[in-house]
Amino acid sequence: MRRAVAILLGLTVGVAAFLVPLAAPAAAADESAESQFVDSINRERQSNGLSRLALRAEIVPVARNWTARMIAEQRLFHNPNLGSELPSDWTRFGENVGYGQGVESLHVAFMNSPGHRANILGDFTQIGVGVERDSRGRMWVTVNFIKSSVAVPSVAAATTPSATVAGSGCRPNQNPAAPAVKNGATGYYVLGSDGGIFAYGNAPYKGGVPELGLRIDAVLMTLTPTQSGYWIAGRDGGIFSFGDAEFFGSVPGLRLGVPVTAIDLKPTPSGKGYWILGSDGGIFSFGDAKFFGSLPGIGVRNRAVRLVPTVTGNGYWILGADGGIFSFGDARFFGSVPGLGLRATGISMARNVNGNGYWILGSDGGIFSFGDAPFYGSVPGIGLCENVQGVQLSPSPGGGGYYIVSERGRVFAFGDAPFLGEPAAQAPTARDVQAVLR
Numbered sequence: 001m002r003r004a005v006a007i008l009l010g011l012t013v014g015v016a017a018f019l020v021p022l023a024a025p026a027a028a029a030d031e032s033a034e035s036q037f038v039d040s041i042n043r044e045r046q047s048n049g050l051s052r053l054a055l056r057a058e059i060v061p062v063a064r065n066w067t068a069r070m071i072a073e074q075r076l077f078h079n080p081n082l083g084s085e086l087p088s089d090w091t092r093f094g095e096n097v098g099y100g101q102g103v104e105s106l107h108v109a110f111m112n113s114p115g116h117r118a119n120i121l122g123d124f125t126q127i128g129v130g131v132e133r134d135s136r137g138r139m140w141v142t143v144n145f146i147k148s149s150v151a152v153p154s155v156a157a158a159t160t161p162s163a164t165v166a167g168s169g170c171r172p173n174q175n176p177a178a179p180a181v182k183n184g185a186t187g188y189y190v191l192g193s194d195g196g197i198f199a200y201g202n203a204p205y206k207g208g209v210p211e212l213g214l215r216i217d218a219v220l221m222t223l224t225p226t227q228s229g230y231w232i233a234g235r236d237g238g239i240f241s242f243g244d245a246e247f248f249g250s251v252p253g254l255r256l257g258v259p260v261t262a263i264d265l266k267p268t269p270s271g272k273g274y275w276i277l278g279s280d281g282g283i284f285s286f287g288d289a290k291f292f293g294s295l296p297g298i299g300v301r302n303r304a305v306r307l308v309p310t311v312t313g314n315g316y317w318i319l320g321a322d323g324g325i326f327s328f329g330d331a332r333f334f335g336s337v338p339g340l341g342l343r344a345t346g347i348s349m350a351r352n353v354n355g356n357g358y359w360i361l362g363s364d365g366g367i368f369s370f371g372d373a374p375f376y377g378s379v380p381g382i383g384l385c386e387n388v389q390g391v392q393l394s395p396s397p398g399g400g401g402y403y404i405v406s407e408r409g410r411v412f413a414f415g416d417a418p419f420l421g422e423p424a425a426q427a428p429t430a431r432d433v434q435a436v437l438r
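Following our numbering, the residues of the sequence shown are numbered contiguously, the last one being 438.
Some hints could be false.
Listed next, with one range per pair, are the computed distances between beta-carbon atoms [what the hints assert, rightly or not]:
{"no.": "1", "residue 1": "149", "residue 2": "72", "range": "17 to 23 angstroms"}
{"no.": "2", "residue 1": "112", "residue 2": "89", "range": "48 to 54 angstroms"}
{"no.": "3", "residue 1": "330", "residue 2": "75", "range": "22 to 28 angstroms"}
{"no.": "4", "residue 1": "136", "residue 2": "210", "range": "26 to 32 angstroms"}
{"no.": "5", "residue 1": "35", "residue 2": "78", "range": "22 to 28 angstroms"}
{"no.": "6", "residue 1": "340", "residue 2": "421", "range": "16 to 22 angstroms"}
Each computed EDC-like pair below joins lysine to aspartate or glutamate, with the alpha-carbon atoms no more than 20 angstroms apart [as the list claims (entries may be wrong)]:
{"no.": "7", "residue 1": "147", "residue 2": "73"}
{"no.": "8", "residue 1": "290", "residue 2": "246"}
{"no.": "9", "residue 1": "206", "residue 2": "244"}
{"no.": "10", "residue 1": "290", "residue 2": "280"}
{"no.": "11", "residue 1": "272", "residue 2": "244"}
{"no.": "12", "residue 1": "266", "residue 2": "211"}
{"no.": "13", "residue 1": "147", "residue 2": "134"}
{"no.": "14", "residue 1": "290", "residue 2": "322"}
{"no.": "15", "residue 1": "147", "residue 2": "104"}
{"no.": "16", "residue 1": "272", "residue 2": "217"}
{"no.": "17", "residue 1": "206", "residue 2": "194"}
Derived by calculation from the structure, the hints in this document are not laboratory data. Virtual Cβ for every residue (Gly too), placed ideally from N, Cα, C.
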């Protein structure tokens with residue numbers, strides 16, 4: 001049976017406004033559904049190579065009040081006073097409204113509508129959602145988006161294990177107990193979204209993008225084979241080299257004439273070249289990096305999220321946003337998330353030392369192991385009270401563990417990967433973690 005879904009064309013405005021007092025939040029808000037909408041929207045943005053939207057507390061009552069208003073009048077319409085009810089620091093705002101049976105059907109309807117999809121994937125930084133059901137059981141939702149230069153405060157997470165909360169079955173703000181240092185793994189880097197670098201343990205600091213006087217949206221970093229330098233990639237495919245990392249070219253330097261969203265950078269075994277992965281699965285080769293194929297080249301339309309070269313450098317895997325794996329060159333296929341019969345969002349992947357297996361990281365910090373890659377643990381398995389969104393996975397140098405970094409800058413260490421600290425509160429949105437062997 002087809003379920004009815006109704007949505008109204010998305011509203012987007014980009015002018016200045018002023019702040020007026022906010023009304024009291026609706027009493028019957030469905031907080032669980034609101035969180036699901038935020039998660040669904042952020043998964044779409046991450047799958048499209050965009051930064052996640054921060055949930056802003058001041059926007060939520062605005063969205064909830066408008067949802068209650070639509071239910072009272074039993075009709076969909078946009079808030080004509082939205083600009084004056086939102087926080088005054090906005091430079092752009094948008095609104096999606098609709099009603100239907102549940103979160104999934106409404107989200108699909110929004111994504112299938114060009115106007116609503118444009119808001120979900122638009123130039124915004126923060127979000128607020130209001131959800132409530134009417135007397136007939138229909139779910140009504142208002143999603144408000146804003147672009148603002150004002151950062152949403154994040155709560156610093158403790159870096160040491162804490163006791164289980166009595167009766168809760170979960171442990172707040174805990175990191176896995178750090179094992180003794182093994183295999184010489186004594187440091188790692190965490191990359192901030194502005195291209196800043198946080199170095200821990202014996203990881204040698206070689207510089208960061210902010211010191212160059214530049215402002216970029218950093219995607220990730222990768223170490224040179226000697227681990228005496230690193231490259232930082234911007235979202236446009238621009239490359240910044242530090243230490244002994246050599247510059248071999250960048251996507252903007254190719255003058256393609258079309259915008260390219262870069263989402264991954266990986267070096268060749270020699271360190272004399274690298275591949276850059278575009279969000280459409282296109283591959284750009286520089287230096288001694290060889291081209292073995294790409295998703296557009298094989299007629300596949302899938303949002304790519306990660307590139308992992310093989311041990312030999314004569315092939316690579318591309319991870320799709322649905323957890324699917326595409327193998328090129330001498331890369332062997334060992335399985336994928338869709339092959340398990342699961343619906344999950346793939347965020348990152350890494351191969352084990354011998355290249356006969358790999359791990360896939362889900363957006364909730366869950367780990368899927370394939371081939372002979374052992375499972376050492378996952379964020380959901382720790383039993384945290386908080387909802388942790390993973391953004392990057394990096395194997396330990398010895399191959400007996402891995403690191404997961406969350407968007408808030410939290411570092412989770414598993415197996416023989418030692419925990420040495422995390423930027424958390426003071427860091428811009430975290431984008432990557434790289435372990436070093438010293």
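Do the hints match the structure? See the list:
The given range of 17 to 23 angstroms is broken by residue 149 and residue 72, whose C-beta atoms sit roughly 35 angstroms from each other. Here the CB-CB span from residue 112 to residue 89 is close to 32 angstroms, at odds with the stated 48 to 54 angstroms. Our hint of 22 to 28 angstroms for residue 330 and residue 75 is violated, since their Cβ atoms are close to 60 angstroms apart. The beta-carbon spacing between residue 136 and residue 210, approximately 53 angstroms, falls outside the hinted interval of 26 to 32 angstroms.
Distance hint check for residue 35 and residue 78: the Cβ-Cβ separation is about 23 angstroms, which falls inside the suggested range of 22 to 28 angstroms. Hint check: residue 340 to residue 421, Cβ distance near 34 angstroms, so the stated range 16 to 22 angstroms is violated. Annotation: proposed proximity of residue 147 to residue 73 is violated, straight-line Cα distance about 29 angstroms (limit 20 angstroms). Pair hint residue 290 plus residue 246 holds up; C-alpha atoms about 17 angstroms apart against a cutoff of 20 angstroms.
Distance hint between residue 206 and residue 244 is fulfilled; the C-alpha atoms sit about 9 angstroms from each other, no more than 20 angstroms. Taking the CA atoms of residue 290 and residue 280, the gap is about 19 angstroms. The hint holds against a cut of 20 angstroms. Distance hint between residue 272 and residue 244 is fulfilled; the C-alpha atoms sit about 11 angstroms from each other, no more than 20 angstroms. At roughly 23 angstroms between alpha-carbon atoms, residue 266 and residue 211 are farther apart than 20 angstroms, so this suggested pair is violated.
Distance check on the hinted pair: residue 147 and residue 134 sit about 31 angstroms apart at the alpha-carbon level, beyond 20 angstroms; violated. This hinted pair does not check out: residue 290 and residue 322 have alpha carbons roughly 26 angstroms apart, beyond 20 angstroms. A C-alpha spacing of about 25 angstroms is found between residue 147 and residue 104, which places the hinted pair above 20 angstroms, so the restraint is violated. The straight-line distance between the Cα atoms of residue 272 and residue 217 is roughly 25 angstroms, outside the 20 angstroms bound, and the hint therefore fails.
With a C-alpha separation of about 16 angstroms, the suggested pairing of residue 206 with residue 194 holds against the 20 angstroms cut-off.
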